[in-house]
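K.L.:
Chains as they are written, first to last, in the UniProt record's numbering: chain A, 1 to 571; chain B, 1 to 571.
Derived by calculation from the structure, the hints in this document are not laboratory data. Treat the hints with care, since some could be wrong.
Same chains, same names: a pair is fine if it fits in one copy or spans any two.
The list that follows gives simulated cross-link-like pairs (lysine-lysine, DSS-like), each with its CA atoms no further than 30 Å apart [claimed, not checked]:
| hint | residue 1 | residue 2 |
| --- | --- | --- |
| 1 | LYS367 | LYS255 |
| 2 | LYS255 | LYS209 |
| 3 | LYS367 | LYS177 |
| 4 | LYS367 | LYS209 |
| 5 | LYS255 | LYS39 |
| 6 | LYS96 | LYS39 |
| 7 | LYS486 | LYS255 |
| 8 | LYS145 | LYS486 |
| 9 | LYS177 | LYS209 |
| 10 | LYS255 | LYS332 |
| 11 | LYS548 | LYS255 |
| 12 | LYS548 | LYS177 |
| 13 | LYS96 | LYS548 |
| 14 | LYS486 | LYS96 |
| 15 | LYS96 | LYS367 |
| 16 | LYS332 | LYS39 |
| 17 | LYS367 | LYS548 |
| 18 | LYS548 | LYS39 |
2 protein chains.
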Amino acid sequence: MAYLVNDPNDFTDELIDGFVAANSGIVRRVPGGVARAQKSATPAVAIVTGGGSGHYPAFGGLVGHGLADGAAMGNIFASPSAQQVYSVAKAVTRGKGVLLTYGNYAGDVLNFNRAQERLRDEGIDCRTVVVTDDISSASPTERSKRRGIAGDLTVFKCAAAAAGLGYDMDAVEQVAKRANDRTRSIGVAFSGCTLPGADTPLFSVPEGKMAVGMGIHGEPGISEVDMPTADELATLMVDQLWAEIPDGVSPEGAKLVVLVNGLGSVKYEELFVLYNRVSQLVEARGVTIIEPEVGELVTSFEMAGASLTFFWVDDELESLWAAPAYTPAFRKGSLHTDLSLESLDADELAGEQIPEASAVSREAAAKAVVVIEAIGAVIDANADELGRLDSIAGDGDHGIGMQRGAQAAVVEARRVAAAEAGVGTLLGLSGAAWADRAGGTSGALWGEILTTIGARLGDAEPPTAAALAEAVTQSAAAVTRYGGAKVGDKTLLDALVPFAEALTLAAASSPDSIRDAWAASVAPAEAAASATADLLPKVGRARPHLEKSLGTPDPGAVSMALIISAVANTL
Amino acid sequence: MAYLVNDPNDFTDELIDGFVAANSGIVRRVPGGVARAQKSATPAVAIVTGGGSGHYPAFGGLVGHGLADGAAMGNIFASPSAQQVYSVAKAVTRGKGVLLTYGNYAGDVLNFNRAQERLRDEGIDCRTVVVTDDISSASPTERSKRRGIAGDLTVFKCAAAAAGLGYDMDAVEQVAKRANDRTRSIGVAFSGCTLPGADTPLFSVPEGKMAVGMGIHGEPGISEVDMPTADELATLMVDQLWAEIPDGVSPEGAKLVVLVNGLGSVKYEELFVLYNRVSQLVEARGVTIIEPEVGELVTSFEMAGASLTFFWVDDELESLWAAPAYTPAFRKGSLHTDLSLESLDADELAGEQIPEASAVSREAAAKAVVVIEAIGAVIDANADELGRLDSIAGDGDHGIGMQRGAQAAVVEARRVAAAEAGVGTLLGLSGAAWADRAGGTSGALWGEILTTIGARLGDAEPPTAAALAEAVTQSAAAVTRYGGAKVGDKTLLDALVPFAEALTLAAASSPDSIRDAWAASVAPAEAAASATADLLPKVGRARPHLEKSLGTPDPGAVSMALIISAVANTL
């Protein structure tokens, strides 16, 4: 469990402050995460990574000379928001584009993709290479669905070394892709971890058992076996990775970077015992190990587990891997770089302008504040239950994530209403605040919903039932587009789409009354949310079939129905 | 607990092999531990550290450029033997003497002091600075009795940087002493750890409590309190260290190196949260923090705990602390040193010569083999019980340590008897093997006992009861001298001294029969061993009053009596 905690809600902020204070010569805080303290003199492709906190040294600990230029740091085990990724990328852009590279998790993909879109809209060349090294998380024919674990490091490191050598964007992207194509990992777990502020473990492994392939957030593995000896585990891991030698690599005479990673409470001495046998097995097969790493590279708090990574290098990747680096947590080779600080421009991200709005739209905005307050209240009242529902098949943070987002939206809605915003701007900025503060998948989607509705309503016309129905329908389309889910996949869409359809019908019969149209659509949304109990989740997780969630409604759909019902009472 | 284990008896060997394999560019294996892979071109004072394994990066992880030249690596939580320390020191001596520096624990002091004596006997200038930073382990007026914890790093680092700059032995020693004088730490623990192969924790902390001042082997702390918040803990630790500002240091305007150390399963994110408040508190008091470190510096497997270290630097210590270093686990600053490998002389430690012996002494040596085999057998049969006795007030390794030592002595006795050694040489070499293989305090003392007896008996004269009584009496004196204990301190001396006295009396009345004299002395030794149940331990532990051991005899005295009794049956 986590012992050194104040208010769990402040944990991520405080750890980032402490991390930056302890490493002020190497990293600096920027909106959304951290960036290198030193600015490169010459233009170069910027490498931006990120993810949930709780995996140190991933991701902030890997920012510095020869590695990432910046890291977006989300809440505990929750992806950073699109705004965070965007802000970090903007802070580190050095004129030759931005490569986003991170582990393949649904929430991260969603938020990094949104940030990429925004950067591209601004004319910045932005590319993405997601890391997919975990062989347990999908079959070889579905490599793109695999999660990223300790192999993150090989991809980030080689991409960054290439950027440091002045490679252009195409070349850096190719290096990162090739490094990912040549990296395979397998993890095992012996126990789970308990997040800051929680009383019970987020997940667990039965005593005396080992979960083969369990992910760094407790994602189910491929099997559960009796605890092996260290040597037996080494054999198991090497055999599994040997069955996955990348296309085009011949093991005979090959050079291999080997990483042995500890998840948290399997300690260094044990990792060395494991590496001892791994290195013997690998060398017995005629492969030369170069520049291995044994230690804690991607952790999950005090989770007891370990992973083995094989990175099959060619000559170019070998020299990129071997290049010097100097970050808070990863230092390698001899640096001849001047590490002295160069002064940096302060926060260059301009504040937004509140556009002028019509009187009717400002009136609607005042009403929208009440609506958003009601959303905040209903989420507050149900946060524990939403967390409980989410813990059955997910990571249990839906309640706290929704709460964080809704509270941020309330604060922002009040602020922009006082600045005389129209309803469109108010919903847009409130949605952005929600997504930024909540992080994770649900944060990104709720940000999208509010922003889309706001864009449709605008700051001029009075909202009508028809316009609102159209806006809600558009928001469902936007969620489908960003989230990659469809109705029946056990997500919030299962409540949102029936609601949008009911609202469209009701608006046709009650075009003058938002209140009546909305009220008529609550029951279909609630029924649809309950019906998700009969579904299996289809997206958003690398292991699609989580039977244990059968019989439990989807927490995202439930919170959607709760909000729809609460809003009805305010109209 | 430890998960990645083969035979627990092989754990230390395997971890050292794996560690060296993973860091072959930086360290190499030498008899007794590890040494820097690179040899310095110019003569310099060699810095040698060491201690029990299980504290990585202490101690092998701190060997490399700008830090230690070598580390003697003992078994899990057991000091290295004198032979190990000696071997490592010999391997790294570079012509300007050897500074031994390590944490202040009885077993380490014993073994490092013996090694120092041997090095000095060979004309090598050898000095010692023990680290005593743990303020919880003795009062300010008894600073020399304090244990060494994470403050090890500041002392090793500054001494090594000074050696690297070409300081002579006097100057390096002074730097190490000054660094130790200016370093203070306080640790807390939330849970214990379970050693490789063990089923139950070596020690524990009640759920929801924090042990203030608990040591890295579970040594009792100064109080047990309810779990505080991270901020409350920061305040507690800073206040305690503030009450211990070293003489001659004025905090106003001072420069302070701050270390936040995690013991194993209190993870990086939590350590950063703690550091965040620590740095605020320190800076609010007008002190400037320079080059802090937050991470795992001295661990205890998966023990949940943390420590805070203040190192009050002057200008010279500041620059020594800031100097570059490059070791497996500690890398700092920009290195302009050529890290290419220079070929090293292979093991330079010559094998011993077996001196010629008289026929009667060779006969006695054959008898001694039987005696030592009987010792091995009785220890084997009682190892579990000895471990249980030791776990009540100690670290539970007395059984396994004695077993390891006695087995090594048996192997060595057989080998040298076959090489026609006399009884004196046989006992001397068997004692050295015991001490080398067992490590720890009991290993050093049993090595001393056998070596002293062997020296008195020699390889010429037939052993008589009188000579043996004199030899045993001398061995008790040697143990007193090396161990710093006396009768009544609840150690093996409580059995050995009454035995020596009884044997002296019995030899006077039965001068011709070793068998009779010995048999007459068994009962007094057994009675004295049992009587240690009424005593409290006085030495060998930094916290002298371990009431919980009352009612339990001392495991060292018990094993002494068992051996005395077993030997009687072989004579």
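K.L.:
A separate judgement is required for each hint: does it hold in the structure or not?
P.N.:
Verification of the hints:
For a Cα distance limit of 30 Å, the shortest separation of LYS367 from LYS255 qualifies neither inside one copy, at 65 Å, nor across copies, at 56 Å. Within a single copy, LYS255 and LYS209 get their C-alpha atoms no closer than 34 Å, and across copies no closer than 50 Å, so neither meets the 30 Å cut-off. Taking the shortest alpha-carbon separations for LYS367 and LYS177, neither the intra-copy value of 49 Å nor the inter-copy value of 71 Å comes in at or below 30 Å. For the identical chains of this complex, LYS367 and LYS209 are neighbours neither inside a copy (56 Å) nor across copies (50 Å), given an alpha-carbon limit of 30 Å.
For the identical chains of this complex, LYS255 and LYS39 are inter-copy neighbours only, at 28 Å across copies versus 34 Å inside a copy, given an alpha-carbon limit of 30 Å. Within a single copy, LYS96 and LYS39 get their C-alpha atoms as close as 14 Å, which meets the 30 Å cut-off; across copies the closest is 43 Å, which misses it. Proximity of LYS486 to LYS255 under the C-alpha cut-off of 30 Å is found in neither arrangement, the shortest distances being 44 Å within a copy and 60 Å between copies. In this assembly of identical chains, the alpha carbons of LYS145 and LYS486 lie at most 30 Å apart only when taken from the same copy (17 Å versus 69 Å across copies).
Taking identical chains as interchangeable, the C-alpha atoms of LYS177 and LYS209 are never at most 30 Å apart, the minima being 35 Å within one chain and 49 Å between chains. In the homo-oligomer, the alpha carbons of LYS255 and LYS332 lie at most 30 Å apart both inside one protomer (19 Å) and across protomers (28 Å), since each shortest distance falls under that limit. With identical chains, the CA atoms of LYS548 and LYS255 are never at most 30 Å apart, being 43 Å at best within one copy and 56 Å at best between copies. Taking identical chains as interchangeable, the C-alpha atoms of LYS548 and LYS177 are never at most 30 Å apart, the minima being 35 Å within one chain and 61 Å between chains.
Taking the shortest alpha-carbon separations for LYS96 and LYS548, neither the intra-copy value of 47 Å nor the inter-copy value of 68 Å comes in at or below 30 Å. Taking the shortest alpha-carbon separations for LYS486 and LYS96, neither the intra-copy value of 37 Å nor the inter-copy value of 75 Å comes in at or below 30 Å. Taking the shortest alpha-carbon separations for LYS96 and LYS367, neither the intra-copy value of 45 Å nor the inter-copy value of 82 Å comes in at or below 30 Å. In this assembly of identical chains, LYS332 and LYS39 lie within 30 Å of each other by CA distance both inside one copy and across copies; the values are 20 Å within and 20 Å between.
Taking the shortest alpha-carbon separations for LYS367 and LYS548, neither the intra-copy value of 41 Å nor the inter-copy value of 69 Å comes in at or below 30 Å. In this assembly of identical chains, the alpha carbons of LYS548 and LYS39 never lie at most 30 Å apart, being 49 Å within a copy and 60 Å across copies at closest.
The structure is inconsistent with the numbered hints 1, 2, 3, 4, 7, 9, 11, 12, 13, 14, 15, 17 and 18, although it conforms to all the rest.
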